[in-house]
Each structure stands twice: as C-alpha cells, then as structure tokens.
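Q: Residues per chain are reported as follows:
There are 2 protein chains.
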Amino acid sequence: MKLFDASIYSARRQALSRAMGSGILFFPGSAEQAYNYKANTYPFRQDSSFLYYFGFAQPGLSGIIDADSGKSILVGDDADIEDVVWMGPQPAMSERIQQIGADASITTQALQGWLKGKTIHYLPQHHADRIFYLAELLGKSTDEVKSGHSMSLVHAVIKQRAHKAPEEIDQMEEALYITAAIHTQIRKSVAPGKYEAQIRGIAEGVAFANQARLSYQAICTIQGQTLHNNDYHRLLKEGDMLLCDIGAENSMYYAGDITRSYPVSPKFTPMQAEIYDLVLKAETESIEAAKAGVRYLDVHLGAARIITEGLKQIGLMKGDTDAAVAEGAHALFFPHGLGHMIGLDVHDMEGLGENNVGYDDTVARSKQFGTAYLRMARALEPGFVITVEPGIYFIPELIDMWEGEGKFRDFICYDKLAPYRNFTGIRIEDNVLVTQHGPVILGPPIPKTRQDVER
Amino acid sequence: MKLFDASIYSARRQALSRAMGSGILFFPGSAEQAYNYKANTYPFRQDSSFLYYFGFAQPGLSGIIDADSGKSILVGDDADIEDVVWMGPQPAMSERIQQIGADASITTQALQGWLKGKTIHYLPQHHADRIFYLAELLGKSTDEVKSGHSMSLVHAVIKQRAHKAPEEIDQMEEALYITAAIHTQIRKSVAPGKYEAQIRGIAEGVAFANQARLSYQAICTIQGQTLHNNDYHRLLKEGDMLLCDIGAENSMYYAGDITRSYPVSPKFTPMQAEIYDLVLKAETESIEAAKAGVRYLDVHLGAARIITEGLKQIGLMKGDTDAAVAEGAHALFFPHGLGHMIGLDVHDMEGLGENNVGYDDTVARSKQFGTAYLRMARALEPGFVITVEPGIYFIPELIDMWEGEGKFRDFICYDKLAPYRNFTGIRIEDNVLVTQHGPVILGPPIPKTRQDVER
Chain A
79 MKLFDASIYS
89 ARRQALSRAM
99 GSGILFFPGS
109 AEQAYNYKAN
119 TYPFRQDSSF
129 LYYFGFAQPG
139 LSGIIDADSG
149 KSILVGDDAD
159 IEDVVWMGPQ
169 PAMSERIQQI
179 GADASITTQA
189 LQGWLKGKTI
199 HYLPQHHADR
209 IFYLAELLGK
219 STDEVKSGHS
229 MSLVHAVIKQ
239 RAHKAPEEID
249 QMEEALYITA
259 AIHTQIRKSV
269 APGKYEAQIR
279 GIAEGVAFAN
289 QARLSYQAIC
299 TIQGQTLHNN
309 DYHRLLKEGD
319 MLLCDIGAEN
329 SMYYAGDITR
339 SYPVSPKFTP
349 MQAEIYDLVL
359 KAETESIEAA
369 KAGVRYLDVH
379 LGAARIITEG
389 LKQIGLMKGD
399 TDAAVAEGAH
409 ALFFPHGLGH
419 MIGLDVHDME
429 GLGENNVGYD
439 DTVARSKQFG
449 TAYLRMARAL
459 EPGFVITVEP
469 GIYFIPELID
479 MWEGEGKFRD
489 FICYDKLAPY
499 RNFTGIRIED
509 NVLVTQHGPV
519 ILGPPIPKTR
529 QDVER
Chain B
79 MKLFDASIYS
89 ARRQALSRAM
99 GSGILFFPGS
109 AEQAYNYKAN
119 TYPFRQDSSF
129 LYYFGFAQPG
139 LSGIIDADSG
149 KSILVGDDAD
159 IEDVVWMGPQ
169 PAMSERIQQI
179 GADASITTQA
189 LQGWLKGKTI
199 HYLPQHHADR
209 IFYLAELLGK
219 STDEVKSGHS
229 MSLVHAVIKQ
239 RAHKAPEEID
249 QMEEALYITA
259 AIHTQIRKSV
269 APGKYEAQIR
279 GIAEGVAFAN
289 QARLSYQAIC
299 TIQGQTLHNN
309 DYHRLLKEGD
319 MLLCDIGAEN
329 SMYYAGDITR
339 SYPVSPKFTP
349 MQAEIYDLVL
359 KAETESIEAA
369 KAGVRYLDVH
379 LGAARIITEG
389 LKQIGLMKGD
399 TDAAVAEGAH
409 ALFFPHGLGH
419 MIGLDVHDME
429 GLGENNVGYD
439 DTVARSKQFG
449 TAYLRMARAL
459 EPGFVITVEP
469 GIYFIPELID
479 MWEGEGKFRD
489 FICYDKLAPY
499 RNFTGIRIED
509 NVLVTQHGPV
519 ILGPPIPKTR
529 QDVER
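Keeping their order, the protein sequence lines are chains A and B.
Residue numbers for the first sequence follow our numbering, so the first one is 79 and each next one is one higher.
Residue numbers for the second sequence follow our numbering, so the first one is 79 and each next one is one higher.
Just so you know, not all the hints are guaranteed correct.
Same chains, same names: a pair is fine if it fits in one copy or spans any two.
Listed below are the simulated DSS-like cross-link pairs for lysine-lysine, each with C-alpha atoms no more than 27 Å apart in a straight line [claimed, not checked]:
(1) 218 - 266
(2) 224 - 266
(3) 345 - 237
(4) 116 - 224
(5) 116 - 237
(6) 80 - 369
(7) 116 - 445
(8) 80 - 224
(9) 315 - 272
(10) 116 - 218
(11) 445 - 526
(12) 526 - 196
(13) 359 - 526
(14) 315 - 80
(15) 272 - 80
(16) 485 - 272
(17) 485 - 369
(18) 218 - 396
(19) 390 - 116
(20) 224 - 272
(21) 272 - 526
Don't read these hints as lab results, they were simulated from the structure.
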C-alpha cells in the first residue's frame with residue numbers, strides 16, 4: 079500500500095475545495111465487485127478520483143471535502159477481530175487520516191446523519207452497486223441518483239486531474255518501465271508454434287513480479303484487425319503478426335498503455351514491412367505534432383492524412399488526400415481514434431464522460447465512422463499525457479460491406495485489396511507528455527523500428 | 079469457446095423443466111463488469127447457471143426454459159458491423175441455438191413482450207446491474223426484484239448442479255491438471271530472496287498458457303495466518319513458509335481449488351514439520367471419512383478433533399478432546415470450515431445461498447466461531463465434489479484477545495504459545511469426488527507429504 083506525502087493529498091483537496099467554492103463534495107470509494115458470486119470477487123480497484131484525493135486503495139472507505147469549511151473527512155471503520163482474522167491487521171482510522179492529511183474521520187454509520195440536509199456533490203458512478211448505495215444514503219430514488227451527479231464537480235475534477243503533476247509523471251514512468259519489461263519479454267518469446275495465450279501469460283507474470291498488474295485486458299493476437307480482441311486461443315504461425323496492446327498499472331494505480339506489432343517469423347514479409355513503416359511514420363510524426371496549443375483532433379486528422387498518402391503510394395487508395403480524409407475514406411483502414419488521455423485510468427477520467435474530458439466548446443464530436451471514436455479532440459495543454467496509437471487494419475467484413483455499398487470508390491482501390499484480406503492489422507502506440515518545450519515520450523525506449531522488432 | 083454436445087444442454091434443461099413442472103424459467107446472462115470505468119471491464123465471467131443450461135460464455139445473451147411447453151429459447155442479437163470491427167465475427171443466433179439444442183431464439187428487443195403476463199422464475203442475482211436490468215424488463219421495483227427470486231427454482235437448480243455428471247468430472251480433472259502445473263512451477267520457484275508477487279505471477283502465466291485462468295484471487299503469502307491474504311508484497315526469507323491457495327478455472331469454467339504450504343528454506347524447521355504433519359493427517363483422514371451418507375459437518379468436527387488431539391500431544395492444548403471441540407476451543411487454531419462444494423463455482427452455487435447449498439432440514443448452521451464458517455454440512459451424496467482443507471494457524475491478535483478474555487483456559491495452553499506467535503499458518507487442500515465406492519481425489523497427485531514439498 080503506497081501513498082504520496084500527506085501534503086500532496088491536502089493540496090489537491092484544497093485546490094478542489096477552492097474551485098468549487100461551496101457544498102459538500104462526496105467521493106464514495108468503490109466496493110468489491112463480484113466475479114461469479116458475491117464473495118468471489120475480482121481484484122479490487124479503487125475509484126480513481128478517490129485515489130487522487132484520498133489515496134487509499136482499500137474498499138470500505140469514502141471521502142468528504144467540505145468546500146464550505148475547507149476541511150476533509152475520511153469515512154470508514156476500524157477493523158474488528160473478524161477483519162483481522164480474514165484480512166490481516168489494518169491501520170486505525172486515526173492513523174489513516176494522518177497518512178493523507180485529512181482533518182477527521184467518521185464511521186460509516188455516522189455518515190448518513192452527517193450528510194443530512196447538506197448540499198451534496200458527487201461524480202457519476204460506473205458501478206451499479208454505488209447507485210443503490212447512494213440512493214439509500216441520500217434518501218433518493220435510483221433514478222434521481224443516476225441523473226443527480228454534479229456537473230460542476232465533474233468539470234472541476236477533470237480540470238485538476240488532466241494536468242499531471244511531477245509526482246504523477248514519476249508514477250507513470252514506473253508503470254511504463256514495467257510495461258517495457260513486459261514487451262521485452264514478449265518480443266523475445268514470440269515464435270511460430272506457440273499459442274497467443276502463452277505469450278499473453280507473460281504479461282501478468284512480469285506485472286506481478288513488479289508489484290503491478292495490468293491496466294486493461296491485454297490484446298495479444300494474430301488477428302489484430304479485430305480491435306478489441308480478447309481471445310488468446312490461436313496458434314502463432316510463420317508469416318503471422320502478433321499485435322500486443324498491453325500496459326501495466328503500477329502499485330499506485332497509474333496506467334501504461336503500449337502497443338507493438340511483432341512478426342512471428344524472424345522478419346516481416348515485404349508486404350508487412352511496407353505497412354509497418356507507414357504506421358510507424360504516422361506514429362512518430364503524430365508524436366512530433368502533439369504540441370501544446372494544437373487540437374488533438376488535428377493531430378488525428380494529420381495521422382489520417384499520412385496513412386492515406388502512404389496507402390496511395392502503395393496503390394490501395396487514390397484521389398485527393400484531404401478530400402479522402404474529410405469524407406472519412408481512410409477509416410476503412412484506420413477506423414479508430416488516434417488516442418486518449420491517460421493517467422490513473424487508461425482512458426483517463428472516462429467515467430466522468432468522454433466528451434467532458436476530450437471535447438469542449440471549440441471542438442464538437444464527429445459523427446463520421448472512425449473519427450467518431452476519437453476520445454480526445456481538444457487543444458493540448460502542458461501536463462496532459464496522451465496516447466498516440468495509429469494503426470492500419472484490413473477487416474474483410476468491413477471491406478466487403480463498403481465495396482458492396484459502392485462506398486468511396488473514388489478513394490479506395492477495392493480491386494487491389496484481395497492480397498491484403500488476411501493481412502490482419504498493425505498498431506504502434508506510445509504515451510506522450512505534452513510540455514511547453516514539446517512532446518516527451520514517457521518511459522524507457524521500447525523498440526519500435528522495424529529492425530528492432532525483427533529478430 | 080468450448081461447448082458440450084447440444085444433447086447435454088437439452089437434457090439438463092428438460093430435467094429442470096420437469097422438476098419445476100410449470101412456469102417460465104428465465105436465466106439472464108451476466109453483463110460485463112466495470113473495472114475503473116464502464117468501458118474498461120474485468121475479464122468477462124458468465125453466470126454459472128447460465129453456463130450450465132445454455133453454455134455460452136459471451137455477454138449479451140439470456141436463456142428461457144418454458145416449463146409449460148418444455149421448449150427453450152436463447153435470447154440475443156446477431157452481430158452488426160460495429161460488433162465485427164471491435165469484437166470479431168460472431169456465430170449467428172440461428173447457429174447458436176443449434177450448438178446448444180435450443181428450440182428457438184428471440185431478439186433482446188422482443189424479450190419484454192415475450193415475457194409479459196407470464197409467471198417468471200429467476201435465480202438470485204449477485205451483480206447489482208442485473209437487478210436494474212430485471213426491474214426494467216419485468217416492470218418491477220428493484221426491491222421487488224431483490225426479494226422476488228424463485229426459491230423453487232433455487233432448490234431445483236441446486237439439486238441438479240450438486241451432482242456432477244461424468245462430462246463435468248472430466249472438466250474438473252482438466253482444471254486440476256492445470257492447477258497441478260501451477261503448483262509444480264511454484265514449488266520449484268520458492269526460494270529466499272524472492273517476493274511473494276514473483277511466485278504469484280507464475281499462476282497466471284501457467285493458467286493462460288493452458289487456455290485457462292484462475293478460479294479465485296490466489297493466496298500466495300508468507301503470512302498464511304491471515305486467511306484471505308491477497309497482498310503479495312512481502313520478501314521470502316529463510317525459515318518462512320509460503321501458503322499457496324491457488325486454483326485454475328479451465329476453458330469451460332470448471333474450478334480447481336488446491337492449497338499447498340511450502341518451506342522457503344529447503345526444509346521445514348522441526349516446529350514447522352510437527353504442525354505440517356498434523357495438518358496433513360487431518361487432511362488425509364478427513365478425505366477418507368468423506369463417504370456417501372456421512373454428514374460433512376461430522377467430517378469437519380472429526381478434523382477438529384484430530385487437530386485438537388495433535389495439539390494436545392505437542393503441548394499447546396489440553397483437557398478432553400470432545401469437550402474442547404464441542405465448545406469450539408480448537409477454532410483458535412482452525413478458525414474456518416473444512417470445505418465446500420466445488421464445480422462451476424469455486425464455492426459451488428454460493429450465489430444461490432450458502433445455506434441452500436450446504437444445509438438442509440437435518441443440519442442447522444452453527445453460530446460458534448469457527449464452525450459457523452463451514453459452508454457445507456449436510457450428508458454427502460455420490461456425485462458431490464467437495465474441498466477438504468484443514469489448516470492450523472497462529473493469529474497473534476486472536477490469541478491475545480482470547481487470552482485476555484480468559485477464554486478456554488481449560489483447553490488452551492496459552493503459556494506455551496509464545497514460541498508460535500510468528501509461526502503463521504499451514505493449510506493443505508484437495509478436491510474430492512464422493513462416489514458409491516468411497517472418496518476419490520480428483521486431478522493428478524500434487525505433492526503434499528513433507529518429504530515431497532521439501533527440496
């Protein structure tokens with residue numbers, strides 16, 4: 079159980095308290111989530127905003143910031159003997175409040191009375207059990223709770239969490255060191271005759287050995303054209319490519335999110351190499367373009383243009399590049415967004431609303447297939463950490479559908495796509511800190527040139 | 079995605095339909111569960127009763143058994159292009175119903191109309207989101223849904239799932255072969271200077287490599303006296319013992335649940351060896367006692383007597399063994415139950431109610447500390463699979479509390495316990511099939527004699 083210095087949590091809570099000005103800011107900690115029955119739980123994951131303001135990664139706690147008085151209160155109970163027998167000794171609440179610089183603690187039983195009659199702000203809840211909990215606690219209907227979250231609190235929290243402080247960058251660097259160790263081990267293990275699952279299992283092994291776990295369900299597949307492929311039953315064969323989108327969440331719950339695409343044979347085929355180099359060009363040039371003040375939507379569209387331009391040279395696209403991208407023809411091959419914010423959540427703060435995090439008054443969400451999936455579009459600011467993750471995929475079902483519909487015939491060379499039907503997909507991804515002096519790739523270098531990922 | 083033959087699911091549904099006689103038996107499949115926000119999900123786990131009757135391990139499906147007509151219906155939708163892009167191609171519903179021998183399928187949109195006006199039986203729901211789902215679907219309040227599950231369905235399902243068929247035993251054997259591979263790798267890896275987490279990480283690696291995962295959060299700790307210890311940050315030192323309670327869930331979601339206790343030094347100390355041999359004696363003799371017709375409560379109490387008798391010989395307990403066990407003095411050292419049913423759930427069917435599974439009219443649940451935790455007490459029947467998992471622990475906080483209260487002074491030699499304060503704990507566990515010809519340990523032999531776990 080690691081915590082920052084108490085002063086860091088105090089300062090974060092005070093900043094939020096000042097930003098809100100008044101009211102009670104209530105942060106219910108997460109509860110254990112059932113796997114196949116209530117007592118068999120998934121590994122516990124604390125709510126990220128609770129972690130940010132109150133630090134503790136255990137269930138059974140909640141936090142209050144009283145923006146009227148500026149004081150903060152930790153809600154929870156001291157362990158009894160049954161807790162000790164089953165869960166081991168726990169710090170007393172009096173010790174916990176010192177660890178995070180809170181002013182007081184109250185018991186879970188006293189909470190309802192304490193909140194009564196006050197103006198309560200809370201964030202949207204992503205676990206259904208917290209809806210029931212808040213309804214009972216606040217004496218509201220579940221419908222009232224679902225619609226009753228505080229938009230002023232949402233915006234204040236996003237404003238604060240979006241800018242990563244130096245101590246947070248340290249944690250993200252650590253998450254990426256562990257992530258790099260996972261990718262190194264994987265790169266050395268890829269070989270024909272192994273199953274995806276054998277490679278996949280390396281990730282948890284290395285994460286655990288580094289007191290970490292994974293920040294999301296790893297993608298480790300020779301069918302990378304399926305964007306969220308969480309199956310691992312396939313056999314690696316000569317000529318396949320293994321797409322690995324795997325990140326560690328370190329012991330303080332900061333996320334890494336790195337994608338590399340490896341040849342299963344020692345070298346890529348010429349066809350694979352050509353597409354690989356194009357994806358890498360889109361990735362490295364997009365990273366260079368990720369400067370403070372630039373809208374991330376424009377970086378995304380820039381990547382789409384690089385991909386379109388390259389596919390034109392290869393002979394798979396044609397026509398005017400700007401027009402193709404404006405109309406969305408590139409999305410046949412690059413059907414997702416260029417990236418998202420990352421921090422305590424791999425899609426940082428997504429539980430507070432994708433559009434609240436990634437969009438603002440200056441940029442509206444596209445409805446166009448492909449760009450519609452872009453989670454982060456607004457102007458970059460120093461302290462933002464984003465993923466940059468372009469890819470090129472050949473999705474047979476999508477190709478057939480679009481060709482059947484006669485879609486984008488002016489931009490897509492459907493007659494040239496037959497040799498690519500089983501190409502699968504390539505994605506390359508890094509995590510990038512926006513600074514006043516330009517973009518910085520976080521973590522150690524993780525091999526990504528074609529020469530470095532080939533054996 | 080593995081399934082049994084369609085005829086197996088048909089026969090199971092028909093048996094349940096006959097047992098219920100009438101009404102609509104509705105099995106909502108589980109939904110994805112949020113990790114730190116809605117779209118970042120934990121690995122999906124299908125509801126075990128849905129798996130038993132309808133087989134499919136994907137989200138988005140529900141099942142209906144119409145006990146009036148004897149027919150069964152699979153509820154779900156064919157994949158659209160967006161599903162294909164993100165999740166890959168999926169079997170059509172028409173194909174799915176053939177795979178499990180269902181009579182028809184209906185869409186999720188048609189479900190509400192189909193159910194309207196009918197008598198609906200459903201099981202208790204362990205995920206809060208399913209309460210909201212059923213409330214909307216059935217036009218009831220969430221309180222009505224919570225209290226409205228069908229006890230006749232609960233009892234009929236338990237009666238059926240409690241007796242494992244040969245094809246289920248095959249799956250449990252497979253889960254135990256994978257579990258054995260995990261323990262073998264761990265046994266070879268235990269050494270001073272390693273962290274618990276390094277050993278812990280082996281479990282997922284081996285599970286994944288065998289197309290499996292873990293059936294519960296592994297316990298892998300040098301502080302085994304904390305019964306549900308899910309921390310893995312400690313360093314293994316000479317003289318420590320590593321308690322590993324780890325089981326694989328195979329590709330058809332059957333669970334293994336095996337505990338072994340390893341010395342960190344090559345050999346146990348004499349003090350450890352003495353307690354180890356006593357736990358092993360309690361385990362092997364309890365397994366022999368697990369015969370059809372015997373109440374498992376009596377096997378549990380038999381283990382408590384073996385432990386009490388042994389601790390008397392070592393000089394840590396005294397007085398009359400039967401009286402000590404009847405009053406619960408043994409629970410200072412053996413504070414949990416001897417075991418539980420195991421199958422598709424590691425605590426099989428626990429979501430349907432512990433007492434419904436493990437107790438009946440002939441045996442009431444004890445309120446005594448220790449025996450109160452026993453999940454399975456009723457008479458064993460051929461086809462039951464149970465865990466047998468006695469342990470001996472020295473929990474300093476519990477010893478101090480009981481000694482301070484002057485509890486069981488006639489049975490416990492508190493003055494002899496000082497050398498054992500940091501002993502931690504030992505548990506040994508196997509999974510046992512009850513047959514007409516006696517108990518059978520499932521899976522391959524997993525080393526457990528002292529000589530075999532020492533190096």
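Q: Now tell me if each hint is right for this structure.
A: Evaluation of the provided hints:
Taking identical chains as interchangeable, the C-alpha atoms of residue 218 and residue 266 are never at most 27 Å apart, the minima being 56 Å within one chain and 56 Å between chains. In the homo-oligomer, the alpha carbons of residue 224 and residue 266 never lie at most 27 Å apart, since the shortest distance is 48 Å inside one protomer and 51 Å across protomers. In this assembly of identical chains, residue 345 and residue 237 lie within 27 Å of each other by CA distance neither inside one copy nor across copies; the values are 45 Å within and 57 Å between. Taking the closest pair of Cα atoms, residue 116 and residue 224 come within 27 Å of each other both inside a single copy (23 Å) and across two copies (14 Å).
In this homomeric assembly, residue 116 and residue 237 come within 27 Å of each other (Cα to Cα) only across copies, at 21 Å, whereas the closest approach inside a single copy is 36 Å. For a Cα distance limit of 27 Å, the shortest separation of residue 80 from residue 369 qualifies neither inside one copy, at 33 Å, nor across copies, at 49 Å. Within a single copy, residue 116 and residue 445 get their C-alpha atoms only as close as 40 Å, which misses the 27 Å cut-off; across copies the closest is 21 Å, which meets it. With identical chains, the CA atoms of residue 80 and residue 224 are never at most 27 Å apart, being 32 Å at best within one copy and 38 Å at best between copies.
Taking identical chains as interchangeable, the C-alpha atoms of residue 315 and residue 272 lie at most 27 Å apart only when both belong to the same chain, with a minimum of 8 Å there against 35 Å between chains. Proximity of residue 116 and residue 218 under a CA criterion of 27 Å is satisfied in both settings, with 25 Å inside one chain copy and 23 Å between copies. Taking identical chains as interchangeable, the C-alpha atoms of residue 445 and residue 526 are never at most 27 Å apart, the minima being 32 Å within one chain and 61 Å between chains. In the homo-oligomer, the alpha carbons of residue 526 and residue 196 never lie at most 27 Å apart, since the shortest distance is 54 Å inside one protomer and 60 Å across protomers.
For the identical chains of this complex, residue 359 and residue 526 are intra-copy neighbours only, at 11 Å inside a copy versus 56 Å across copies, given an alpha-carbon limit of 27 Å. In this assembly of identical chains, residue 315 and residue 80 lie within 27 Å of each other by CA distance solely across copies; the values are 22 Å between and 43 Å within a copy. For the identical chains of this complex, residue 272 and residue 80 are inter-copy neighbours only, at 20 Å across copies versus 37 Å inside a copy, given an alpha-carbon limit of 27 Å. With identical chains, the CA atoms of residue 485 and residue 272 are never at most 27 Å apart, being 39 Å at best within one copy and 59 Å at best between copies.
In this assembly of identical chains, residue 485 and residue 369 lie within 27 Å of each other by CA distance neither inside one copy nor across copies; the values are 35 Å within and 69 Å between. With identical chains, the CA atoms of residue 218 and residue 396 are never at most 27 Å apart, being 58 Å at best within one copy and 57 Å at best between copies. For the identical chains of this complex, residue 390 and residue 116 are neighbours neither inside a copy (55 Å) nor across copies (38 Å), given an alpha-carbon limit of 27 Å. Taking the shortest alpha-carbon separations for residue 224 and residue 272, neither the intra-copy value of 47 Å nor the inter-copy value of 47 Å comes in at or below 27 Å.
For a Cα distance limit of 27 Å, the shortest separation of residue 272 from residue 526 inside one copy, 22 Å, qualifies, whereas the shortest one across copies, 32 Å, does not.
Checked against the numbered hints listed earlier, the structure breaks hints 1, 2, 3, 6, 8, 11, 12, 16, 17, 18, 19 and 20; every other hint is satisfied.
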